[in-house]
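Enquirer: Keeping their order, the protein sequence lines are chains A and B. Under the numbering used here, the first residue of the first sequence carries the number 1, and numbering increases by one thereafter. Under the numbering used here, the first residue of the second sequence carries the number 1, and numbering increases by one thereafter.
For the record, the hints were derived by calculation from the structure and aren't laboratory data. Since no wrong hints were added, every one of them can be taken at face value.
Because identical chains share one entry, a pair is satisfied inside a single copy or across any pair of copies.
Cross-link-like lysine-lysine pairs, in silico, DSSO-like; alpha carbons within 30 Å at most: (1) Lys125 <-> Lys206; (2) Lys206 <-> Lys154; (3) Lys155 <-> Lys123; (4) Lys206 <-> Lys241; (5) Lys206 <-> Lys123; (6) Lys232 <-> Lys151; (7) Lys154 <-> Lys3.
Below, each chain spelled out in residue letters.
2 protein chains.
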Amino acid sequence: MLKIPDHQVAGHQARDGKLGPLIDDSGRFYKPLQNDERGSREVAFYTCFSFNTEIPDRICRYFPLFHGTQPLEASDGSGLHAHLILEDLISTHVHPSVMDIKIGSRTWYPQASEDYIQNCLRKDKEATSLQLGFRISGLQAYESAESGFWKPDKKLVSSFDVEDVWSSLKRFVSSNPVSDVEPDSSLASVVYGGSDGILAQLLNLKAWFEDQTIFHFNSCSVLVMYEKKTAKEGISQAKVKLIDFAHVVDGQGVIDHNFLGGLCSLIKFISEILTQGTV
Amino acid sequence: MLKIPDHQVAGHQARDGKLGPLIDDSGRFYKPLQNDERGSREVAFYTCFSFNTEIPDRICRYFPLFHGTQPLEASDGSGLHAHLILEDLISTHVHPSVMDIKIGSRTWYPQASEDYIQNCLRKDKEATSLQLGFRISGLQAYESAESGFWKPDKKLVSSFDVEDVWSSLKRFVSSNPVSDVEPDSSLASVVYGGSDGILAQLLNLKAWFEDQTIFHFNSCSVLVMYEKKTAKEGISQAKVKLIDFAHVVDGQGVIDHNFLGGLCSLIKFISEILTQGTV
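Same shape as in the complex, but just chain A (with noise of 0.2 Å):
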């Protein structure tokens, strides 16, 4: 049985009778191809992804699993649709507090039509993308069983500023009430600390970005995630995925330098928080 996920954060969701994503009970995740080039895209990149033997290990872990296409009954009853059958990376949580980080400076690249183009070179300017090499797309933290997620809106994540990134990266990773102004980042050397952290499993992604030059993951998402309760206990289990590939294009023997700059970026901005310590 196919249901609405309940922890997604960014992208189009299947609510309210539109097309989104389906997941299944078994950790499957179904992903409506788009029908343009995006679609298109997405399953060259899963199809090659997956079968380059390029790709060492310690990098296909940041992946989501691929077991294909097939058509599916899709979310907003127009009947059958090709979805990417995927991993769904957050069916073993409970709690997930989740982050969605667009990288990159640039999301258009020289092959997207100028109306593209413009388009995004708008956005990123409006978002933080230009100004930090990466954007905020979506969030949700646990907070406690009584109040549950904190997760500010769509509208509201857009409009993020430089100051509401750096405010959201600790808040991401504190256990003091979104009430406080100051969130106290306890959970930062747990979740983005350590030895398979979030910041060691950046550091993992920046090595390969310095040396691939297969593709340039334009427009592509670091999804941060862990578990409140867990990251209590001091076990962090966060993981790090690349997500949303409808962009990809060839990186023609050059290296992904709008994506490694972000990611840098991104990099720093934690290993601060990782310095400042908890409030």
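Fit chain B to the given chain A structure using the hints.
Expert: Okay, now just chain B, sitting in the frame of chain A:
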């Protein structure tokens, strides 16, 4: 006695009655200040940089020494004009091989005017900046006493595509004549490689750019220099310097992800040439 520099490869030149930089016999380079905010920004940069105690010594070596400003007779005969007094980076060279590489896939910045942005955007697309994260702005490579320098003209350099960039970076460290189709890269290991070769110096800069949030170096160049005679004797003395700070702005607590991304792309090119070895 001031004179026109012999080995300038890019930028405004003081020839044919135009306004451009001058040098003296004591190793100083006099750069006329541009009258608009570019001039004031460049003075501001050199002043801030000179007095900033946060810049490590290992990084200061990559910047020209600054000796203040001074009104001087302009090279275009227009009378007294304010000049920056800088170190003449070439003064100790006999036959300098020099390459000017403008770093960043984007030479514009959010604070600039819409006209300026669209103009830069067009140029970045036409040149290799957008694709590679850098472009070659000018170069000369010493060949021999008989044939002198290989110095492709400005127009040719501005039309360089990715293949031209590859071959120029190889040709720059080759000993065989330009008439040979394949540059032999015979000096790559001495000039690009080694513990204080170009690659090592670029990696030092990269480490700083991963951390520094003081300046954003928009439209700034890396100047690479070496002397062929000593390189052929196995002694590199190759130097990397950053130049052109008319578009430097305050980093506002964020790393310069645009410069860093482009620098990493250049590093990858140089590393590849070293890996390929001599043809």
